[in-house]
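Engineer: Protein sequence lines correspond, in order, to chains A and B.
Whatever position you read off the first sequence (first residue = 1), add 15 for our numbering.
Whatever position you read off the second sequence (first residue = 1), add 145 for our numbering.
The set of hints was computed from the structure by calculation and includes no laboratory data.
Certain hints may be false.
[What the hints assert, rightly or not] Which bits of chain A does chain B cover? Going by a derived footprint, with three or more residues having C-beta under 8 Å, they are:
#1 163-175
#2 178-185
#3 188-198
#4 268-280
[Said to hold, decoys possible] Simulated DEER-style distance windows between Cβ atoms:
#5 A:Gln179 <-> B:Glu388: 36 to 46 Å
#6 B:Gly176 <-> A:Val95: 42 to 52 Å
#7 A:Val95 <-> B:Ala262: 29 to 39 Å
#8 B:Asp184 <-> A:Pro185: 34 to 44 Å
For each residue, glycine too, the CB sits at the ideal point set by N, CA and C.
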Amino acid sequence: MNAQAAAAKPSGAQRALRFVLPVIVFAAGLLAWELVVRIRDIPPYVLPAPSVIFLTLIKDWAVLSQSLATTLLTTLEGFVAASIGGIALALLFNQSKWVEYSLFPYAVVLQVTPVIAIAPLLLIYLEQQTAVVVCAFIVAFFPVLANTTLGLNSVDRNLAGLFQLYGASPPQTLRFLKLPAALPYILGGLRIAGGLSLIGAVVAEIAAGTAGAGSGLAYRIAESGYRLNIPRMFAALLLLSLAGIVIYGVLALVSHLVLRRWHESALGKES
Amino acid sequence: MVASKPSPGVEASLTALAVSLRGVTKVYDNGVMALGPLDLAVRKGEFISLLGPSGCGKSTALRLIAELSAPSSGIVRVARHEGVPQPGHGIGFVFQEPTLMPWTSVRENVRLPLKLAGVPKAEARTRADAALASVGLADFAEAFPRELSGGMKMRVSLARALVTDPDILLMDEPFAALDEITRFRLNNDLLALWRSLRKTVIFVTHSVFESVYLSQRVVVMTARPGRIQADLRIETVEPRGEEFRTSAAYSDYCRRVSAALAPSYSGQSTL
Numbered sequence: 016m017n018a019q020a021a022a023a024k025p026s027g028a029q030r031a032l033r034f035v036l037p038v039i040v041f042a043a044g045l046l047a048w049e050l051v052v053r054i055r056d057i058p059p060y061v062l063p064a065p066s067v068i069f070l071t072l073i074k075d076w077a078v079l080s081q082s083l084a085t086t087l088l089t090t091l092e093g094f095v096a097a098s099i100g101g102i103a104l105a106l107l108f109n110q111s112k113w114v115e116y117s118l119f120p121y122a123v124v125l126q127v128t129p130v131i132a133i134a135p136l137l138l139i140y141l142e143q144q145t146a147v148v149v150c151a152f153i154v155a156f157f158p159v160l161a162n163t164t165l166g167l168n169s170v171d172r173n174l175a176g177l178f179q180l181y182g183a184s185p186p187q188t189l190r191f192l193k194l195p196a197a198l199p200y201i202l203g204g205l206r207i208a209g210g211l212s213l214i215g216a217v218v219a220e221i222a223a224g225t226a227g228a229g230s231g232l233a234y235r236i237a238e239s240g241y242r243l244n245i246p247r248m249f250a251a252l253l254l255l256s257l258a259g260i261v262i263y264g265v266l267a268l269v270s271h272l273v274l275r276r277w278h279e280s281a282l283g284k285e286s
Numbered sequence: 146m147v148a149s150k151p152s153p154g155v156e157a158s159l160t161a162l163a164v165s166l167r168g169v170t171k172v173y174d175n176g177v178m179a180l181g182p183l184d185l186a187v188r189k190g191e192f193i194s195l196l197g198p199s200g201c202g203k204s205t206a207l208r209l210i211a212e213l214s215a216p217s218s219g220i221v222r223v224a225r226h227e228g229v230p231q232p233g234h235g236i237g238f239v240f241q242e243p244t245l246m247p248w249t250s251v252r253e254n255v256r257l258p259l260k261l262a263g264v265p266k267a268e269a270r271t272r273a274d275a276a277l278a279s280v281g282l283a284d285f286a287e288a289f290p291r292e293l294s295g296g297m298k299m300r301v302s303l304a305r306a307l308v309t310d311p312d313i314l315l316m317d318e319p320f321a322a323l324d325e326i327t328r329f330r331l332n333n334d335l336l337a338l339w340r341s342l343r344k345t346v347i348f349v350t351h352s353v354f355e356s357v358y359l360s361q362r363v364v365v366m367t368a369r370p371g372r373i374q375a376d377l378r379i380e381t382v383e384p385r386g387e388e389f390r391t392s393a394a395y396s397d398y399c400r401r402v403s404a405a406l407a408p409s410y411s412g413q414s415t416l
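Whenever a hint applies, use it, and build me the whole structure from the sequences.
Structural biologist: Right, dumping it as structure tokens:
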């Protein structure tokens, strides 16, 4: 009832509510969790209370922060590779139909094959660190490729005619027309790719398991699981989740800043 | 296809041809005969309207003149400047929609043809600002297209077509989407520009009233495939203004043009 009444109010109050409501739900959930664990006296190796998880996070920060850095680095490498690879491949497809027809099916095959099934193979043929990055790349590059291709093909027909009329060279058309026109689509693809590279990195770390020398967050989760160190599992999971949120937030912010002056998606509803 | 020879230089420059089409036809890939055969000669400095029902090939004729597409048969000749090569082959094109790049400022949009031709930035900027001033938008150089009204966007489009100082201005139903008051004002501004710049204007429209008000010559076209149904001269006291729009001569011309246009619509059951 309250939320509905507030939704009708001006956007300032509504925006505050959109921020406050999830926080309230989160706090209530944590409180209920804490109470259930304390009242029923559940041991931490079955279900740790939020307070215990938080203390573990502080106590094990040295180990966990290092793992976080490792996973973030892998994610970043995978993301950069996926962005460059996806955009470059889309540009190549755009230049030549022959290349597109020859290669596109394989991009799809790479996308639809579950990466968790590819990871063990990659780990055999590649060094572990490389394999993990390649996994992140495989998962993340397709949305960049697909979105960039869509963007490059959505150029206004009359604008293309205008460029033709004024004798624009192919590089000029690419730089001044196709890339700017495709930018909103590319940024949308990158936003998806950011989250997916984290997933790819985690999947590969899990597949590498304890045998590997790596020490990412996913590796910590697997390791803590074997040792029944459940609070640390939760702490590592919390960090992964936070990392995902930050990645999404940063990419959404970049997208907003780049597009805010002209694209519908970044404009306020009232304007 | 398109001969780059200058038009016959025997006659004085006033009567020399700016554009000539001889036996021009256009058949689309799907076998539809869109145009012709069409014979049309436009003198330098003339303001001519192509008037006809939707889909009669008026826009196709403009695209052929602009070399945005090639005729299936026949010859398209466009007079060229001797000496200095001009960007856009000395042709300015105003599309049905404003066709502006939404991601950049009004000034950058107007500067585009010069940028593509490699004109130095400072000079291009000056010329873009001058073109914007000529359509009354000097104060909006920094604005983005989405911040402008429909009529202002069309003015920007006109400024962009004028910035290369073309000999020929091709306009494809440029004011069709505007409200009547804005359209009247732009008609008057266009006439004023034409009087001061003395460019050849080929203006496509499906409005009888607009064609009579603006042009020295109204060419009425038949339904698809477009051919010339009638070629009427509109002679009145220049410069034209609102008094012409309300004069008996004006309504008489409109009646004659409407009568010439009637057969083009007679066979159409869908409209």
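Engineer: Would you mind marking each hint as holding or not holding in the structure?
Structural biologist: Status of the hints after comparison with the structure:
With a cut-off of 8 Å between beta carbons, the stretch 163-175 of chain A has 3 residues touching chain B; three or more are needed, and the interface restraint holds. Only residues whose C-beta sits within less than 8 Å of a C-beta in chain B count toward coverage, and the stretch 178-185 of chain A has 6 of them, enough to reach three; the restraint holds. Only when three residues or more bring their CB closer than 8 Å to a CB of chain B does the claim for the stretch 188-198 of chain A stand; here the count is 5, and the claim holds. Counting residues of the stretch 268-280 of chain A whose beta-carbon sits less than 8 Å from any beta-carbon of chain B gives 3, enough to reach three: the coverage restraint holds.
Checking the proposed 36 to 46 Å range against A:Gln179 and B:Glu388 shows it holds: the Cβ atoms sit about 42 Å from each other. Judged by the Cβ atoms, the range 42 to 52 Å given for B:Gly176 and A:Val95 holds: they are separated by roughly 50 Å. Distance hint for A:Val95 and B:Ala262: a CB-CB separation of about 36 Å, consistent with the stated range 29 to 39 Å. At roughly 36 Å, the beta carbons of B:Asp184 and A:Pro185 sit within the given window of 34 to 44 Å.
Going down the numbered hints, you'll see the structure goes against none, and every one checks out.
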